[in-house]
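Participant: Using the sequences plus the hints, can you model the full thing?
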Amino acid sequence: MSAFEFHLDAADPNTSGRAGRWVTPHGVVDTPAFMPVGTLATVKGLLPAQLREAGAQMVLANTYHLALRPGSEIVAEMGGLHRFMDWQGPILTDSGGFQVFSLAQMRKMTDEKVVFKSHIDGSTLELSPERAVEIQEQLGADVMMCLDECPPSGESIEKIRVAVDRTTRWAWRCRDAQKRSDQALFGIVQGGIHPAMRQRSAEALLPIDFPGYAVGGLSVGEAPELMYQTLDCTVPILPANKPRYLMGVGRPEDIVEAVTRGIDMFDCVMPTRNGRNAMAFTSTGPVRLRNAVHQRDESPLDAECDCTACTRFSRAYLRHLFVAKEMLGPILLSLH
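Residue 336 is where the sequence shown ends in our numbering, and the numbering goes up by one at each step.
Everything labelled a hint here was simulated from the structure, so no lab data went into it.
All C-beta atoms, glycine included, are put in the ideal place defined by N, C-alpha and C.
Heads up, some of the hints might be wrong.
Claimed, not checked - Here are the computed lysine-lysine pairs in the DSSO-like style, where the Cα-Cα straight-line distance is at most 30 Å:
#1 Lys179 - Lys113
#2 Lys159 - Lys113
#3 Lys117 - Lys44
Claimed, not checked - Beta-carbon label-pair distances, calculated as ranges:
#4 Asn14 - Thr284: 20 to 28 Å
#5 Thr110 - Ala11: 42 to 50 Å
#6 Asn277 - Pro70: 39 to 47 Å
#7 Val28 - Ala196: 23 to 31 Å
#8 Gln88 - Ser314: 28 to 36 Å
#9 Pro70 - Pro236: 22 to 30 Å
Facilitator: Structural data, given as structure tokens:
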């Protein structure tokens, strides 16, 4: 019997939205679900208990960054990520594929592997599909991601085709490299904003029969409508009985649009990064607390939110914390 089971509990009759339960070795995730990003095995400024209190079910960590510091071998010696960071819920590790895109000036890529120059000390980190899986098995997250190539927004269709086909070959190699049965390996659909390339990528990954599928390469500069159109032509190809994960998307309006299209899982640094910089998403839209209009504002940050920041403090106080550079400000808005 698999350590992972995905159950669909409800479907919206008017859209492709659905609600489900995803059983993992470290607990059940009710979907749709958003994963806070803990790149270096910590969601900045927040204790694991605070994450739980805020409703987080699952968190994300990053293979590339943890391979550089402290090193996957050290994490393994410390008992794996769950014990290392004292998070007992499910964890997903990205493969380092996004860094192929975001650190393009600091890497060299061939069909065999990607070679990065460390942004920390200039040392070399080699990531092949096999090495990416090996590192993620040492980290011990519940979900591993295949190494993929995320092409830049606006890339030519010829180069996107090369990236799609490389991503497919790497997916097979990742599948063949996996040794641990207590971790789920997800495939990643690429293809930019080109429907034919998205179809090519998704259909090429289906025979591998991954336990879950991700849609990558979006929210990298394209207009929101193009993202939605890309989901419209991609998601219906993916198996309905497996979780679908939209990578790197965190704006509330984008999440709502993606859920109506059948996406189950999300991650993004944006909510907590914005929070650390005095900007919060609320039920009435974004609020920028550094603005002088909030200096004498007695109202809560969001009257419809039950988090600590919204139920106990005024906008005036929260603004004061940021102006005074008190660390409580970023903590409270990250929790929100």
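Participant: What are the numbers of the hints that this structure violates, sorted from low to high?
Facilitator: 6, 7, 9
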